[in-house]
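Engineer: Both chains are sitting in their own frames, so use the hints and assemble them into the complex.
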Amino acid sequence: MKRKLSTELLIILIVSIALGFTVNMLSPNGIALVRDDSERFLIDSSKTGSDNNQNQRGKLNKAGFYQPVNIPGEAAKKFFDEGVIFVDGREPHEFQLGHIKGARNIDYKNFKEKSKEEKLEILKDIKKDQIIVSYCGSDSCEISIDNAYEMAKAGFDNIKIYLGGYKEWKQSGYPVED
Amino acid sequence: MKFLSNKYFLIALRIIVGGIFIYASLDKLLNQEMFSKAIYNYKFLPGIFINFFAITIPYIELIAGIFLISGIFKRGSSLIISILLILFIVALVQAYARGLDINCACFELKKELENADQKSDILLRIIEDFLLLAASVIIFIKSKTIITKEIHQ
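Protein chains in written order, with the numbering used here: chain A, 1 to 178; chain B, 179 to 331.
Incorrect hints may appear among the rest.
With beta-carbon atoms standing in for the labels, derived distance ranges [claimed, not checked]:
(1) A:G102 - B:I304: 39 to 45 angstroms
(2) A:L60 - B:F308: 31 to 37 angstroms
(3) A:L120 - B:E211: 18 to 24 angstroms
Mimicking EDC-like on lysine to aspartate or glutamate, the simulated pairs with C-alpha atoms at most 20 angstroms apart in a straight line are [stated by the list, open to error]:
(4) B:K206 - B:E306
(5) B:K215 - A:D36
(6) A:K109 - B:D299
(7) A:K153 - B:D299
Note that these hints are calculated values from the structure, not bench results. Positions of the beta carbon are idealized from the N, C-alpha and C atoms, including for glycine.
Chain B with its partners taken away, still in its complex shape (with noise of 0.2 angstroms):
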């Protein structure tokens, strides 16, 4: 598993990540409503604190991604996109498992059956954060391991 140390594959990852959280924010930034209401959608948070999530997540997402890309605070920008994609995996499994259409902004709990569609929608996101999540984290750990090397050089 060398190549995961590898300065280039770092490199790539962090600009893959990065690239993906910046782009994922904009949409976010320019519809604040639509968002707060797809957060209502999810049924997860209580009323109260979905807008402080809907105003400040996208610029959350941003400000990581920026700092993920430009290589400035790595360790940290890679540890709260790794938290956030925690969340996003825990909110998506619940609707998944609750049988949540939160695609239409409906929550009518369907049979299966007729929902099989969104609910494979829901299981590919699912497997894309994990995925991210998973690059999010070799950023951190490995980010680590090269500020310890330079300190005991």
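If we strip away everything but chain A, and leave its shape as in the complex, we get (with noise of 0.2 angstroms):
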């Protein structure tokens, strides 16, 4: 019996279309439908713009972490003037090669990989509620904002994203150190 072939596709993208969907719906580690970057390059200056809830931390999602909060130029400075932590997400050699004064580096490629526990031991001198700002090369990179999810998952709840980066706080003349 001759089988056309229209219908040969027909029937495998039918039933793998709707077993993805069913499984999907039905799974509890399902996700949404469609997928929702929109918050992840804004920076809300509710949380950010005046002082008094500059410091405040992000909300608090369905994962059950502390959503990191993006920050512009200005309170990044302000948190550096304060003391603030300040990770850096890139690889050692461009660590090295500069980052902003004070930093340390917390490469994301390797700490993404490391189990919870492992993460909460390289970060064991910073307290859960401290503010720590993660931030990246430039804003064409976007590991500052992997890592701050990531530390933010490992329990850390106050954690700030840098978005303009090492680029940008050089151009504005804040201090740097190779």
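Structural biologist: Shown next as structure tokens:
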């Protein structure tokens, strides 16, 4: 019996798509139907604009951790002046070429592979409610965001993301070191 | 090139290609969020389609792989696998050309020299996908010939 190619294609696609959506709906690890990255680059001035609420934590999300908050350059400088810890997510060789003065290098590529216990061990001298500013090379790299989420998931609940990164910091004439 | 029509050669090809697709689908099925992020990192698809593909592609790979090995829909499954491979190759080639660092989930456009290792990884995956594509196209063409022969007999 000759079976039409289009029938075969339709059957495979319909079975796969139906199965995919059903499992995704029933699974506790299912994902949203539309990926939402709208807040990824949003700098919320209500959380970073005035002195009163600059230190405010991000919202507690469904996954059970406090969402990191994006901050502009001025807020990053203010935190820097207050002695807040800065975490640079780039690889060591990039970090060595230049970084924000006093920043700590936590290489995202390496860090994301670690277990929660190992992550806590790396950050053991930082209190869970202490502010940490995560950054990377510039606004074209997203390690700052990804690293911030790794730290937030490990239990640190006041993470800020400085999207402008090292490039903007250096251009602003703020303190750097090699 | 007579061996290309050899029954056992085609069965072996189906098991290899189908097996690789089933294996590749499992990791994505178990880590859909990570797969969604991986697609995002390719900067290839508009945001609203990313999760649709993250949800369906692993199952298309799985079902097409099972059908290909079992021989139920050889032509349909080999054609779908070929189309998927072409999509993967296009995504990888554009990532390679643009210097995207897709493995580390960052998109910094690095200098070519610094990125040499990452680039050769992507290149290797492009070559692998081309080999799989060749195998899949052979299965598609030869399955058609066999069906046609059966009808004429």
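Engineer: Could you run down the list of hints and mark each one as holding or not?
Structural biologist: To see whether the hints hold, each was checked on the structure:
1. A:G102 - B:I304: 39 to 45 angstroms: 42 angstroms, holds
2. A:L60 - B:F308: 31 to 37 angstroms: Distance hint for L60 (chain A), F308 (chain B) is violated at roughly 47 angstroms.
3. A:L120 - B:E211: 18 to 24 angstroms: With Cβ atoms ~22 angstroms apart, the hint holds.
4. B:K206 - B:E306: 18 angstroms, holds
5. B:K215 - A:D36: 11 angstroms, holds
6. A:K109 - B:D299: 16 angstroms, holds
7. A:K153 - B:D299: Violated: K153 (chain A) and D299 (chain B) sit about 29 angstroms apart, past 20 angstroms.
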